[in-house]
Every structure is written in structure tokens, then in C-alpha cells.
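Novice: Residues per chain are reported as follows:
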Amino acid sequence: MRGREHAGPQEARKEPQGRERAREDMREEARAGSGRGVVRLLAAAVAVMALLGLALRPAPQWEFAFVSPPPAGEADPPFFRTVLDLRAPGRTMHSPSILRAAQPRLIWFEGSREAARDVRIMAAELGGDGSGPVRVAPLLAAGQIGGAMRPRQAVLVLGNTLQADPDDSDRLLATVLSVGGWAAASVAEVRLREGTVASARKLALSPFLNRSYLVRNRVLRLADGDIAVPAYFEMGNAFGVLVRLDRQGRVRASSRIGSGKVAIQPAVVVTGPETAVALMRPFDGTRQLYRAETRDGGRSWSRPAPLAGVPNPDAPVAALRLDDGRILMAFNDDPRRASDLTLAVSDDGGRSWKRIARLEESGREAPAVYRYPDLARLDDGSFLLAYSTFAKGGIRAHRFNMAWILEQERKQGDSRSRAER
Amino acid sequence: MTALSTLYEYLCLLAVFGWLLSRLAGRLLPGGAAEAAGLAAAGVLLALQWAVPQVALLAAIFAPVSGGVALFAAADLGRGFGLRHRPRPAAELLTVLAAYLLYLAAGLGVFAVDPHAAGYGGVPAAATAVALGGYALVRRDTLLAAAVLLAQLVWLADIGSENLFDNLAGVLLVPALLVGLWRRARGR
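These protein sequence lines map, in sequence, to chains X and U.
Just so you know, we're using the working numbering here: the first sequence kicks off at 49 and counts up by one.
Just so you know, we're using the working numbering here: the second sequence kicks off at 8 and counts up by one.
These aren't lab readings, by the way, just hints derived from the structure by calculation.
Any given hint could be a false lead.
Stated by the list, open to error - Covered by chain U, per the in silico footprint, the following chain X stretches (three or more residues, Cβ under 8 Å):
{"hint": "1", "segment": "86 to 92"}
{"hint": "2", "segment": "99 to 108"}
{"hint": "3", "segment": "212 to 220"}
What the hints assert, rightly or not - Partial selection, computed: residues in chain X whose CB lies under 8 Å from chain U:
{"hint": "4", "residue": "Val-227"}
{"hint": "5", "residue": "Ala-231"}
{"hint": "6", "residue": "Ala-252"}
{"hint": "7", "residue": "Pro-255"}
{"hint": "8", "residue": "Phe-256"}
{"hint": "9", "residue": "Arg-295"}
{"hint": "10", "residue": "Arg-298"}
{"hint": "11", "residue": "Ala-301"}
{"hint": "12", "residue": "Ser-303"}
Claimed, not checked - Which stretches of chain U does chain X cover? Using the computed rule of at least three CB atoms under 8 Å from a CB of chain X, they are:
{"hint": "13", "segment": "101 to 115"}
{"hint": "14", "segment": "159 to 173"}
Positions of the beta carbon are idealized from the N, C-alpha and C atoms, including for glycine.
Use the sequences and the hints to build the structure in full.
Specialist: Structure, rendered in C-alpha cells:
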């Protein structure tokens with residue numbers, strides 16, 4: 049008390065200020081203490097969630113569903129029929145894809161030109177026996193896909209579209225553009241219900257604004273029910289990717305087929321539970337078909353290498369496994385122009401090929417440009433082959449059976465023997 | 008889950024668009040008012056998304072927005088309303104920027120390895136989350152720990168991107184880090 053009595057008026061003012069500062073320091077200390085507690089709690093929660101993540105999102109088991117193809121019908125009479133031949137002069141019709149169902153359908157993109165805003169996905173219903181078309185009608189428009197996304201997204205252009213689930217032709221994967229060219233494309237999973245878009249969402253495939261992934265070739269079933277989607281990247285670099293989707297259509301893993309700027313649009317043919325071959329369009333000016341293989345169910349791939357003796361005019365191929373283990377491929381057998389469409393078979397996992405039939409060649413019609421084949425096996429064991437004609441100005445499809453393939457092989461063998469004699 | 012996912016994506020877009028617009032508004036308005044104006048403008052734009060095609064275009068470009076980035080954007084917006092948090096050192100910002108640019112380059116196929124693929128699950132995803140959580144603990148960084156936890160939660164709930172790394176970070180991180188570095192360089 050005495051001290052205070054002797055204190056001057058200035059010191060008397062300082063004392064409450066000092067007390068206030070001390071209180072503020074204590075409050076700061078308390079805040080820091082509680083902050084430490086909060087951060088400890090959050091870090092512990094992160095560790096728990098990481099363990100939960102290991103349980104809920106483990107590294108997936110890679111194994112293909114290796115099923116025998118349907119009966120070949122080798123003893124049936126051979127047949128080869130053209131089931132669709134459409135042309136739209138002055139318009140673009142391109143990138144046909146076969147939807148497998150009880151009543152198979154063909155889809156393709158069509159508009160005033162490729163990547164124009166008026167491009168729609170068209171569908172042609174074929175008869176149950178592959179004959180047809182029964183009906184041709186628009187299936188999808190860009191606005192429908194963007195409008196079905198939540199939040200709504202601008203989807204301006206549609207490209208290559210295909211069946212997302214081998215057992216459900218109402219689930220599609222569409223290449224979509226919101227800005228820029230194909231290098232800025234994304235892949236959207238689209239679900240249809242009674243002919244309308246029920247839902248749509250983009251697959252998260254790239255860290256760079258989810259850009260530059262596209263699809264072209266047929267999807268594959270994996271042993272656990274997941275789906276493997278052959279996709280590709282083409283922004284500066286160009287490589288293939290095998291994307292793994294679960295039953296809900298969400299990406300669960302991906303593995304690259306090559307790196308740098310090499311080859312795109314892998315057509316993947318399963319040759320065993322853990323083995324498959326990818327046949328790829330060159331993107332490095334090589335003008336030869338590329339081949340890569342996996343021995344661990346698609347988890348990793350060999351470096352794609354050009355195939356000697358198989359030229360390629362910078363165009364995708366289609367391929368599937370025959371029931372005797374060989375591979376059937378539809379491709380352009382020319383390093384400069386896609387002016388032919390040829391079928392070939394391989395009995396050594398796609399390393400070497402024997403040409404069996406030339407379905408199109410230059411000189412028959414103009415412009416003789418045949419690209420983007422798709423090849424599928426229908427439920428009755430017959431084959432359906434579709435491709436674009438007239439330099440992206442038409443769509444043509446043929447149906448044939450195993451007996452026809454064997455007949456073509458015999459004919460080729462005979463002509464080779466004659467040539468050798 | 009679809010409704011929750013939609014709500015989450017809208018909130019992320021609101022935070023990020025609000026942050027971007029508030030930075031623009033900050034040239035004309037004082038702190039607090041700029042953040043409020045930015046958030047209000049973002050809210051109106053999102054509400055009018057069917058009538059304003061540019062919103063759908065922005066959503067198409069940036070979606071799925073990273074929850075982690077949205078949380079940092081929200082925290083930065085909070086500064087305008089008096090929320091205090093410790094500024095990050097320039098060295099940390101530079102390290103994150105360099106690491107993220109390398110990660111983006113790998114995603115574009117510049118390197119043979121694909122770190123983005125590790126974000127779909129398994130040990131690498133879990134290890135990354137634990138490492139970031141540990142760093143947040145050492146640095147006493149509540150915001151970082153919360154961002155990692157949010158990313159893990161939405162990832163496991165199948166909300167937003169199916170890749171943990173997309174939920175942790177996004178391309179918008181690059182301009183945000185550059186702004187942060189610019190502030191440090193100017194002593195702010």
C-alpha cells in the first residue's frame with residue numbers, strides 16, 4: 049500500500065496496462081494450447097481415416113474375367129452380310145461403336161463437322177439377328193449430358209462414345225469437350241433411362257483440370273466385376289491408359305500403357321486371366337502398329353514397341369480373341385492412307401499377322417477412306433464389324449460368322465500356295 | 008449420397024468463386040466488405056447457373072473442386088471477417104509450389120511415373136495423408152490438418168473426385184500459392 053501511495057500518476061497508469069498485457073498473453077497462451085489440442089485431435093483423426101482408407105480403398109486385385117467366347121458355329125454355312133450402309137453427304141459421321149444387347153445397336157457421332165457444336169450421338173437399332181437397321185435416331189446431345197451433371201457443367205461437343213458396361217447398353221462412356229480441342233477432352237459416364245439421360249459425371253482421370261483423356265476401344269470385364277476401360281491421353285505427350293471402374297462407375301485405379309509421346313487408342317485383347325495384348329495407333333510418326341502386353345492382369349504394361357510388317361496410317365484398330373485363342377484384327381494395311389480395311393489373324397499373341405480378307409480398297413468409291421473400326425462378338429456367336437466410310441462421311445457395318453473367317457483363311461492359303469507354285 | 012455430393016460441390020465452388028471474386032472486389036472495397044461482396048456474387052452466380060452459361064463453363068473447367076483448396080479459400084475469406092491464422096513462411100509456399108508443379112508435370116506424362124494414380128487408394132494414398140497430418144501436427148497447422156481430414160472424409164464417402172489427391176489439391180493451388188508468395192515478397 050505504501051509503495052502505491054508513493055507511486056506517481058504515470059506509474060499508476062502503467063500498472064493496469066501491464067496487467068492487461070499479461071492477461072492478453074495468458075489468453076494467447078490458452079488459445080495456442082487449445083489450438084495444439086485441436087491439431088492433435090485432427091492429426092489423430094487423419095491417422096484413423098488413413099487406416100479406414102486402407103480397408104475401404106485397398107490396392108485392387110488385377111485379374112481379367114477370362115471367359116470362353118460363345119459357340120463359334122464353325123459347322124454353320126459361312127455368311128457375310130452388310131447390315132448397315134449409311135451416308136450423309138456434306139456431314140460428318142464417324143467413330144462407330146457397337147452396343148451389345150439382345151438387340152444390338154450401333155452408335156456414332158454425327159454433325160456438320162467433327163467437333164462442331166451440333167454433333168449428336170446417333171444410334172441405329174439392328175434386328176435381333178444383326179440385320180437392319182430397324183431404326184436410326186439421335187441418342188445423345190451435348191447439352192443433355194452437361195444438364196444432367198451436378199453442378200451443371202457446360203458440355204459443348206461430343207466425341208467417341210462407347211458402351212461402359214459389357215452387360216448394360218444403357219451405360220455409356222462419352223468423350224466430351226467444354227473448352228479447346230480434343231487435347232482438352234474429358235470422359236463422362238452417362239446413364240440412360242428410357243431414352244433420356246438419367247445422370248452424368250466426369251471420371252476423375254487427370255490432375256490437370258481433369259483434361260486430355262479420351263476413350264475409343266471396347267471395355268473389358270475384370271474377375272471381381274470391375275470394368276477396365278482402355279483410354280488414352282494426348283496433351284503434348286500421348287500414351288494409353290487402362291482405367292479401372294467399379295460397379296458404380298467410379299475410378300478405382302489406372303495404369304499407363306507407355307509414356308512420353310508414343311501410341312494411343314489401345315485395343316486390348318485378353319489372352320488369359322492375367323495376360324492381355326494392347327494394339328495401339330502410332331502417335332510418333334512411326335507409321336507402324338504398336339504392341340504392348342501385360343502379365344499381371346493389367347496392373348503394369350510392357351513398353352509399346354512397333355510391330356514389324358504391320359503398317360499403320362495413324363489410325364486405330366479393332367481386335368478380339370477367337371475361341372481357338374487366336375486374335376482377329378480389323379485395320380488399315382497401309383502406312384500412308386486409310387484407303388483399305390483389312391482383316392488379319394494372329395496365333396502368337398499379336399506378334400505376327402496373317403491377312404485373311406480385304407473388305408475395302410481404293411478405287412471402288414471416292415473418297416476411299418475407311419477408319420475407326422469396331423469389332424464385337426454378338427450373343428449368337430457371330431461377329432459385327434463397323435467403321436466409318438467416305439472420309440468420315442458414312443457408316444458401314446457387316447455381320448459374319450466363324451465359318452466365313454475359316455473360309456477366308458482357306459482361300460488365302462490356296463492363293464499363297466498357287467503363288468508359291 | 009448424390010444430394011450430399013451435389014451440396015458439397017456447390018459449397019466448394021462457392022468458396023473458390025467467392026475467394027476469386029473477393030480478390031477482384033478487394034481493389035474497390037475495404038476488407039470485410041470485399042469478402043462479403045465476393046461471396047454474395049458467387050452465391051448469385053451459382054443460383055443463376057441455368058441462366059448464366061459462364062457459370063456452367065467455369066464449373067466444367069474447375070470441377071471437381073478440391074475440398075482442401077476450398078477450405079484454404081474459405082479460411083482466406085475469413086481473414087476479411089477477422090479470422091486470424093498464422094501466415095505461412097515463404098519457404099513452405101515455395102516448396103509446395105515446386106512439389107505440386109512436379110506432380111502436375113508427371114500427370115501430363117513428362118515422367119514415366121504417375122503419382123496421380125497412387126491417389127485412388129492403397130498404401131501410397133494412406134501414407135500421403137499420414138505424412139501431411141504429421142507435418143500439420145509438427146507445425147501446429149490446424150487448417151492443414153482439417154484440409155487433410157476433409158479430403159479423406161469426402162474421398163471415402165465417394166463425394167467429389169474418386170482420387171484422394173484431387174481432394175487435397177487442385178490446379179487453383181498454383182495461383183493461390185503465387186499470390187501468397189507475392190504477399191510475402193511485399194512483406195504482408
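Novice: Now, for every hint given, state plainly whether the structure supports it.
Specialist: So, going through the hints one by one against the coordinates:
1. 86 to 92: Holds: 5 residues of the segment 86 to 92 of chain X have a Cβ under 8 Å from chain U.
2. 99 to 108: Our answer is that it holds, as 9 residues pass the Cβ test (under 8 Å) against chain U, meeting three.
3. 212 to 220: violated (count 0)
4. Val-227: With Cβ-Cβ at 6 Å, under 8 Å, it holds.
5. Ala-231: Where the cut-off is 8 Å and the nearest Cβ of chain U is about 11 Å from Ala-231 (chain X), the hint is violated.
6. Ala-252: With a minimum Cβ separation of about 4 Å from chain U (threshold 8 Å), the hint on Ala-252 (chain X) holds.
7. Pro-255: With Cβ-Cβ at 4 Å, under 8 Å, it holds.
8. Phe-256: holds (6 Å)
9. Arg-295: violated (12 Å)
10. Arg-298: This hint holds: Arg-298 (chain X) lies near chain U, its Cβ roughly 5 Å from the closest one there, short of 8 Å.
11. Ala-301: holds (5 Å)
12. Ser-303: holds (7 Å)
13. 101 to 115: Held - the segment 101 to 115 of chain U has 4 residues with a Cβ nearer than 8 Å to chain X, which meets the minimum of three.
14. 159 to 173: holds (count 11)
In the structure shown, a violation is registered for the earlier hints numbered 3, 5 and 9, in ascending order.
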